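Line by line, the protein sequences are chains A and B.
Position one of the first sequence corresponds to residue 3 (our numbering), numbered consecutively onward.
Position one of the second sequence corresponds to residue 3 (our numbering), numbered consecutively onward.
FYI, nobody ran anything at the bench for these hints, they're computed from the structure.
Careful: at least some of the hints might be erroneous.
When chains are identical, the list treats them as one kind, so a pair holds in a single copy or across two.
Said to hold, decoys possible - Here are the simulated DSSO-like pairs of lysine-lysine, each with C-alpha atoms no more than 30 angstroms apart in a straight line:
id	residue 1	residue 2
1	Lys328	Lys244
2	Lys328	Lys42
3	Lys281	Lys45
4	Lys42	Lys278
5	Lys278	Lys376
6	Lys237	Lys281
7	Lys42	Lys168
8	Lys162	Lys237
9	Lys45	Lys237
10	Lys237	Lys247
11	Lys286	Lys244
Every value quoted in this text rests on a predicted model; they were computed, and no experiment measured them.
There are 2 protein chains.
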Amino acid sequence: MRQVGIVGVGHTKFGKWSGGTFTDMLCAAAVEALDDAGVKLDKNHGIDQVLVASMGSGLVNRQSGVASALVDTLNLRPATAETIENGPASGASAVKLGYMAIASGLCDAVLVVGGEMMRVISGWEGTDFVATMLHPEAEYNYGLTLPAFAGMFTRLCMEKYGVTEKDLAIVSVKNHENAMNNPVAHIRLVPNLYAITEDEDANVINPYVADPLRVYHVCPVSDGAAAVLLCAMDKAERFTKKPIKIAGIGQATDTHAVAEREVPTDLLAVRLAAQKAYKMAGLKPEDIDVAELHDAFQILEIVESEEVGFFERGQGHIAARNGETKIGGRIPINTSGGLKAKGHPLGATGVSQIVELVRQLRGEAAGRQVEGAKAGLAVNFGGFGNNVVATILTKEEE
Amino acid sequence: MRQVGIVGVGHTKFGKWSGGTFTDMLCAAAVEALDDAGVKLDKNHGIDQVLVASMGSGLVNRQSGVASALVDTLNLRPATAETIENGPASGASAVKLGYMAIASGLCDAVLVVGGEMMRVISGWEGTDFVATMLHPEAEYNYGLTLPAFAGMFTRLCMEKYGVTEKDLAIVSVKNHENAMNNPVAHIRLVPNLYAITEDEDANVINPYVADPLRVYHVCPVSDGAAAVLLCAMDKAERFTKKPIKIAGIGQATDTHAVAEREVPTDLLAVRLAAQKAYKMAGLKPEDIDVAELHDAFQILEIVESEEVGFFERGQGHIAARNGETKIGGRIPINTSGGLKAKGHPLGATGVSQIVELVRQLRGEAAGRQVEGAKAGLAVNFGGFGNNVVATILTKEEE
Numbered sequence: 003m004r005q006v007g008i009v010g011v012g013h014t015k016f017g018k019w020s021g022g023t024f025t026d027m028l029c030a031a032a033v034e035a036l037d038d039a040g041v042k043l044d045k046n047h048g049i050d051q052v053l054v055a056s057m058g059s060g061l062v063n064r065q066s067g068v069a070s071a072l073v074d075t076l077n078l079r080p081a082t083a084e085t086i087e088n089g090p091a092s093g094a095s096a097v098k099l100g101y102m103a104i105a106s107g108l109c110d111a112v113l114v115v116g117g118e119m120m121r122v123i124s125g126w127e128g129t130d131f132v133a134t135m136l137h138p139e140a141e142y143n144y145g146l147t148l149p150a151f152a153g154m155f156t157r158l159c160m161e162k163y164g165v166t167e168k169d170l171a172i173v174s175v176k177n178h179e180n181a182m183n184n185p186v187a188h189i190r191l192v193p194n195l196y197a198i199t200e201d202e203d204a205n206v207i208n209p210y211v212a213d214p215l216r217v218y219h220v221c222p223v224s225d226g227a228a229a230v231l232l233c234a235m236d237k238a239e240r241f242t243k244k245p246i247k248i249a250g251i252g253q254a255t256d257t258h259a260v261a262e263r264e265v266p267t268d269l270l271a272v273r274l275a276a277q278k279a280y281k282m283a284g285l286k287p288e289d290i291d292v293a294e295l296h297d298a299f300q301i302l303e304i305v306e307s308e309e310v311g312f313f314e315r316g317q318g319h320i321a322a323r324n325g326e327t328k329i330g331g332r333i334p335i336n337t338s339g340g341l342k343a344k345g346h347p348l349g350a351t352g353v354s355q356i357v358e359l360v361r362q363l364r365g366e367a368a369g370r371q372v373e374g375a376k377a378g379l380a381v382n383f384g385g386f387g388n389n390v391v392a393t394i395l396t397k398e399e400e
Numbered sequence: 003m004r005q006v007g008i009v010g011v012g013h014t015k016f017g018k019w020s021g022g023t024f025t026d027m028l029c030a031a032a033v034e035a036l037d038d039a040g041v042k043l044d045k046n047h048g049i050d051q052v053l054v055a056s057m058g059s060g061l062v063n064r065q066s067g068v069a070s071a072l073v074d075t076l077n078l079r080p081a082t083a084e085t086i087e088n089g090p091a092s093g094a095s096a097v098k099l100g101y102m103a104i105a106s107g108l109c110d111a112v113l114v115v116g117g118e119m120m121r122v123i124s125g126w127e128g129t130d131f132v133a134t135m136l137h138p139e140a141e142y143n144y145g146l147t148l149p150a151f152a153g154m155f156t157r158l159c160m161e162k163y164g165v166t167e168k169d170l171a172i173v174s175v176k177n178h179e180n181a182m183n184n185p186v187a188h189i190r191l192v193p194n195l196y197a198i199t200e201d202e203d204a205n206v207i208n209p210y211v212a213d214p215l216r217v218y219h220v221c222p223v224s225d226g227a228a229a230v231l232l233c234a235m236d237k238a239e240r241f242t243k244k245p246i247k248i249a250g251i252g253q254a255t256d257t258h259a260v261a262e263r264e265v266p267t268d269l270l271a272v273r274l275a276a277q278k279a280y281k282m283a284g285l286k287p288e289d290i291d292v293a294e295l296h297d298a299f300q301i302l303e304i305v306e307s308e309e310v311g312f313f314e315r316g317q318g319h320i321a322a323r324n325g326e327t328k329i330g331g332r333i334p335i336n337t338s339g340g341l342k343a344k345g346h347p348l349g350a351t352g353v354s355q356i357v358e359l360v361r362q363l364r365g366e367a368a369g370r371q372v373e374g375a376k377a378g379l380a381v382n383f384g385g386f387g388n389n390v391v392a393t394i395l396t397k398e399e400e
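Can you make the complete structure from the sequences, with help from the hints?
Structural data, given as structure tokens:
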């Protein structure tokens with residue numbers, strides 16, 4: 003099979019987008035990625051296909067065919083264009099489909115742009131929008147939301163494995179610390195661990211969102227876009243940057259209704275997706291140097307770090323306590339700041355994770371660099387774990 | 003490159019869906035396609051990926067991750083799943099991406115299901131929903147709609163090429179006649195040509211929708227779903243039905259804003275997409291035995307029949323007048339009844355066109371069979387021609 007690499011990355015500053023329309027925001031990330039790859043937007047651009055990852059372009063922004071709008075705005079016509087939706091895992095799904103397009107031989111270069119403009123709607127509308135990814139008859143119509151599921155899941159993990167609120171806060175503080183060195187992160191402040199856990203005012207500055215989850219245990223609502231330019235490894239010489247190889251992609255679905263799962267504290271789709279990605283890459287968990295895990299809620303980073311094989315079951319929170327997931331630790335997780343501090347514009351997230359891994363493997367992650375990183379893993383989590391994509395990137399030997 | 007074929011097709015009755023939820027409707031088409039291929043829904047089903055094509059699952063049905071819901075309902079977990087959106091060309095785009103998944107070697111069998119449940123919203127809401135595919139700043143926000151564009155486009159073709167209202171009606175009547183023999187078509191009646199054009203009550207029974215377009219010159223609003231099971235030709239022996247080969251796929255984008263096009267009566271993306279598909283298939287327009295062209299408005303069938311090379315520019319309406327596009331004519335078009343009479347559930351349409359071609363090439367199109375058909379062409383039209391996919395299917399020699 004034809005090998006595929008990444009030759010360009012782009013990323014808007016996550017947070018409140020104030021630079022124009024939804025298409026403009028996608029464009030900003032795309033232009034940066036094309037520029038990074040040294041692509042000139044003339045007749046010889048060589049881009050065959052544009053894939054946009056978005057969950058809410060229709061639902062929130064009332065725009066269909068946004069990929070067609072983007073390909074035209076970028077002046078890439080007649081390149082083909084599609085929009086890909088897989089809830090909050092839309093980004094990694096689009097990268098996967100771009101990979102397939104190149105591996106098939108039908109395309110040589112595919113631009114993948116993920117984006118979401120969520121801050122045009124109010125808080126409860128945002129929660130409701132996100133909840134549309136739940137089971138429409140078994141969950142959504144009873145008023146269930148993602149924070150509600152995450153709260154229940156956290157409670158179970160607390161009872162079964164002894165995870166504490168402070169463990170969640172430790173993961174959160176680590177990610178906020180990492181975000182301080184990521185110029186595109188949404189939230190650039192580091193909460194004080196004592197103040198948000200043990201201080202007498204902890205309940206005030208870190209109130210419950212969905213018991214036992216507090217504000218500092220869940221991701222913010224962000225606008226943002228991220229872009230990667232994929233190309234066939236055998237066509238990479240025409241780009242400026244040396245490609246980072248996509249070594250493995252794994253994906254798996256789980257029951258759509260969370261209540262139907264055999265072990266409610268497992269994230270089966272994460273495990274299966276990671277296993278497939280390792281197999282395809284010919285790597286093991288211990289070969290990974292840096293990881294971006296989908297911490298829409300802090301408990302997810304902990305359990306995912308177990309499901310992907312970094313730690314034994316029930317040991318993820320202990321590892322976090324011991325600093326093993328910090329930069330400089332055994333396996334740095336969410337060096338970008340993660341969804342918690344970098345932000346989580348749904349369709350952008352899976353692409354943003356890949357952008358961070360590319361920067362780490364290139365050695366361009368100033369201030370948050372994992373020294374000598376050669377292999378990175380990203381986990382992008384759709385629904386409440388009903389559709390998960392794991393992607394492994396590697397730096398080719400010099 | 004690995005060859006890809008179609009081994010199963012399924013199709014709900016287009017019209018008003020009353021069989022349950024949106025997911026249920028997708029399921030109905032999917033199960034029929036799997037059954038047609040002889041797939042048993044046990045552990046050995048062998049389906050690697052499910053792609054759902056839909057434009058309005060979020061916007062109209064307020065459901066995200068519908069592909070994840072479908073893969074679970076069909077009990078195909080942990081098969082992967084994504085939703086593909088490219089306006090009314092979502093269906094053909096999903097077939098293309100399914101083709102790439104198999105051609106890449108990462109998948110052996112991919113289920114593609116297109117569907118739209120539009121009749122849950124009112125008439126003007128439906129028109130507005132469809133209009134979300136127009137340019138958000140240059141068109142949609144000024145109140146432009148698809149029928150408005152089609153009306154202006156028709157007027158230009160009338161002035162330039164001498165197309166008449168009666169020509170549109172002739173195309174319409176032909177498609178309604180074909181639909182009489184298609185059990186899954188939405189509208190099963192044949193309008194009387196004299197009554198809708200020359201009778202003194204013609205204005206009453208065939209009123210204007212968007213001058214010069216009348217009711218019988220535009221497609222209805224339909225619910226419906228269609229499904230195809232794609233598989234690698236080298237893995238096809240395990241399925242019941244002999245595969246129909248996907249011989250060529252072409253796609254092209256055009257300016258998103260219609261006003262920016264050089265020649266307003268051209269459909270450039272149709273021409274480019276068809277040229278690419280012919281090239282990939284190694285075929286010419288005269289090799290095609292049967293075609294499904296995207297007649298959301300009757301004028302589109304006429305102009306598309308020119309752009310794909312069946313007729314000279316400006317001659318499509320003459321050919322229709324002369325019966326050359328009827329079954330038995332030189333090149334039968336829209337034997338299924340087309341969007342006009344079979345219906346146009348947006349995301350379903352591109353898949354539905356492929357289903358009809360498979361039935362024709364298998365010799366299973368009872369009552370509307372094109373005898374000896376060996377090659378078929380489908381054109382699926384996104385936006386007002388800003389993103390078009392052409393697909394060529396061929397019957398392998400015995």
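Requested in this report: Mind listing which of the numbered hints don't hold for this structure, in increasing order?
Outcome: 2, 7 and 8
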